[in-house]
Amino acid sequence: MNTASQAEVSEIDPSARCTLTLLIATALFWLVVSGVLALLNFIQAFTPTFLADCPLFTYGRLRALQETAFLYGWAANAGVAVALWLLARLGGAPQRSLNWTRAGTVFWNVGVLAGLIGIACGEGSSAAGLHLPGYIQPLLLVAFGAMAVPGVLAWTGRSRPVTFAAQWYAVAALFLFPWLFSAAQVTLLCAPVRGVLQAIAGGWFVQGLWTLWLAPLALAAAYYLLPKITGRVIPNYDFASFGFWTLLVVGGWTGGRHLVGGPVPAWVVTVAIVSCTLLLIHYLVVAINLRGAFGQPGVVLKFVGFGLAAYLLGGLADAVTAMRSVAVLTQFTWFAQAQSQLALGGAFSMIVFGAIYFLTPRITGQAWLSTPLIRAHYAAAGLGTVVLIGSLAAAGWVQGHDLANASVSFADIAVHTRPWLQTAAAAQALLVVGNALFALHFLRSVCPCNAGATTLPFRQPPTMEASAS
Amino acid sequence: MSAPSPHDPRLEQAGATDESLLAAHEQALGKKPDDKAHYKLLPLALLFIFSGIIFYAGTYLNHYSGGYSAAVFDENGHPAAGAAPAKIDPLVLGKKNYELVCTTCHQATGLGVPGVYPPLAGSEWVNGSEERMIRIVVYGLKGPLHVKGANFGAAAMPVFGKVAGSGYNWNDEKIAAVLSYVRQEWGNKSAPITADKVAAIRAKEGDRKEWAQDELLKLP
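Protein chains in written order, with my numbering: chain C, -3 to 465; chain H, 5 to 224.
Since the hints were made in silico from the structure, they are not lab data. Built from N, CA and C at the ideal position, the CB exists for glycine as well. There could be a bad hint or two in this list.
As the list claims (entries may be wrong) - Just some of the chain C residues that point at chain H, by a computed CB distance under 7 Å:
1) V158
2) G294
3) V296
Unchecked claim - To give a feel for the contact side, a few chain H residues facing chain C, derived at Cβ under 10 Å:
4) P13
5) R14
6) L15
7) E16
8) A20
9) A27
10) Q31
11) A32
12) L50
13) A61
14) Y64
15) D78
16) G81
Chain C on its own, in the form it takes in the complex (with noise of 0.2 Å):
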């Protein structure tokens, strides 16, 4: 048994334990307080009131306060540990220049600190996505190259010449955040272009930060957890290429879909909706691939399968939406949220979680600590995913109906709208308990003090058999 579990523990996790580590606890921590901002964020959509009177958590602030929480504190940490991590295992070398990751997570999160402060004290820009203020987003740039610097090393020095789908997407999302953060910098805080290419370019950064960079980290989870858990080669592999290519090449001309009706020529939005219905064929290929995880057992491909049930639905939402005749509707309302939600919560948290519910053990040497905060956090997370995007899906459909009839106020749109918001704000506490449950336990389990509270034995996994397919 000790030969099995130093099998499949090689010394590939424990060394890189301190970095991932550190990176996953904070990264756990501010999703617990965009958690936190966003639940303040939705009751004061029903109650104006409330935090009115306090200039920090005024609501426009407090809405980029939790949107920067979430993709730079959260989805940035989290993404950078999971993609270091597999890129990793499957280069099948220890993690060198792990000094860098370090160095790189502290600025990062000094960075992100200060930038939330700068941004409740009113400094913040007003770009979607990009809400930092922008003396603090250079240093942010520096920090995550010197993040990824592992990633890069494990790649560029794999020891097997063959690479695989969940390589791709993680060495893309590493390579093309700095090119969208930086050229967002350029065209819309440093040397702002002007008039309507601010809201192109505005768009092209807020979808790409999705497409490029969120979703390829989620799907390279995803393709690598399948297959090592259920031991089964991928279905239809040879098409994951295409899908991963139509992703990046189509996936960043989708921005325009945000400027439907806008007063950009009709082009750049025509494009954005042929794009999102392009993508189609990449939500296609990704669906044959990973069909494998819907239905199974074990609670980390019921994260991934759930993860991957949004993904394709936030996508087929996205064809959707992106018509100009439902886009009448839909946009500027909370359907709009309920798609990002979907997008975020929906695919990328709910992979991500799966991912350290896989890794956490192997990275520490010993098991979780406790079955029922797993499960607890699983039904939270899943139950309030759900009710949260589909009360503000509701919501966004009653406002966007109401909004299109000149006869009803805005008055009566608020009350109409109200029933749903406080449905959402119910999940949104939900989910910060879940939320919490889990970084706690991630905390506990990784803590040293509880080193040897489980005994549960790695098996050695078995070889794969390559299928017929």
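Using the hints provided, position chain H relative to the given structure of chain C.
For chain H alone, kept in the frame of chain C given last:
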């Protein structure tokens, strides 16, 4: 100790080693020839679905892109129909350009500055031969000039046309507009000048230096 469940939530067991995972997927990439013709239906169906999506996307792009014109904001608009250049009144265009450039010397009153800049109002040059008038503006004029009974020792009309050495590069339409404006303002009552006429003269003369009074007087 009993064998742990493979799906204990606290420790998800791996179903394959990383080496075999990579090797098996490398093999799945269809490196083997399909000599027994076991063509799978799924790829074929996907081919049709992908083609359908691409066909739809291409058609939509073709119909609603407004010719990729930066000036078309309505997806149903077409640059040829919707954004046709509006008919510009030559007098408006002429007045605008006169006030932008010509007033510096000839003044808003068209009277010029006695002894330095010749007047346009009531000038026999302005109201006279189209041939001479167009040549002066397109190619410029240098040397002494006699206008309305007064002598101007060293007139220096700049080069305005789209010709070599021009600092303004005005197109024929603009020149015709300014000339037409000048010929009906301040009590002048001469026929407008067309852009075609300007183009014809420019084609005939090609590139040349500024005109002098004597040369111009030889022309009709």
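Cross-check of the supplied hints:
1. V158: For V158(C), the interface hint holds, since the closest Cβ of chain H sits about 4 Å away, which is under 7 Å.
2. G294: Status holds, d = 4 Å.
3. V296: Holds: closest Cβ of chain H sits about 5 Å from V296(C), inside 7 Å.
4. P13: Holds, because the Cβ-Cβ distance from P13(H) to chain C comes to roughly 4 Å (cut-off 10 Å).
5. R14: Holds, because the Cβ-Cβ distance from R14(H) to chain C comes to roughly 4 Å (cut-off 10 Å).
6. L15: Holds - the Cβ of L15(H) comes within 10 Å of chain C, reaching about 4 Å at its closest.
7. E16: Holds, about 5 Å.
8. A20: With a minimum Cβ separation of about 4 Å from chain C (threshold 10 Å), the hint on A20(H) holds.
9. A27: Since chain C brings a Cβ to about 7 Å from A27(H), closer than 10 Å, the hint holds.
10. Q31: Holds: closest Cβ of chain C sits about 4 Å from Q31(H), inside 10 Å.
11. A32: holds (4 Å)
12. L50: holds (7 Å)
13. A61: holds (4 Å)
14. Y64: holds (6 Å)
15. D78: Cβ of D78(H) sits 6 Å from chain C, so the hint holds.
16. G81: Constraint on G81(H) satisfied, holds at 7 Å.
Hint compliance for this structure: every hint is met.
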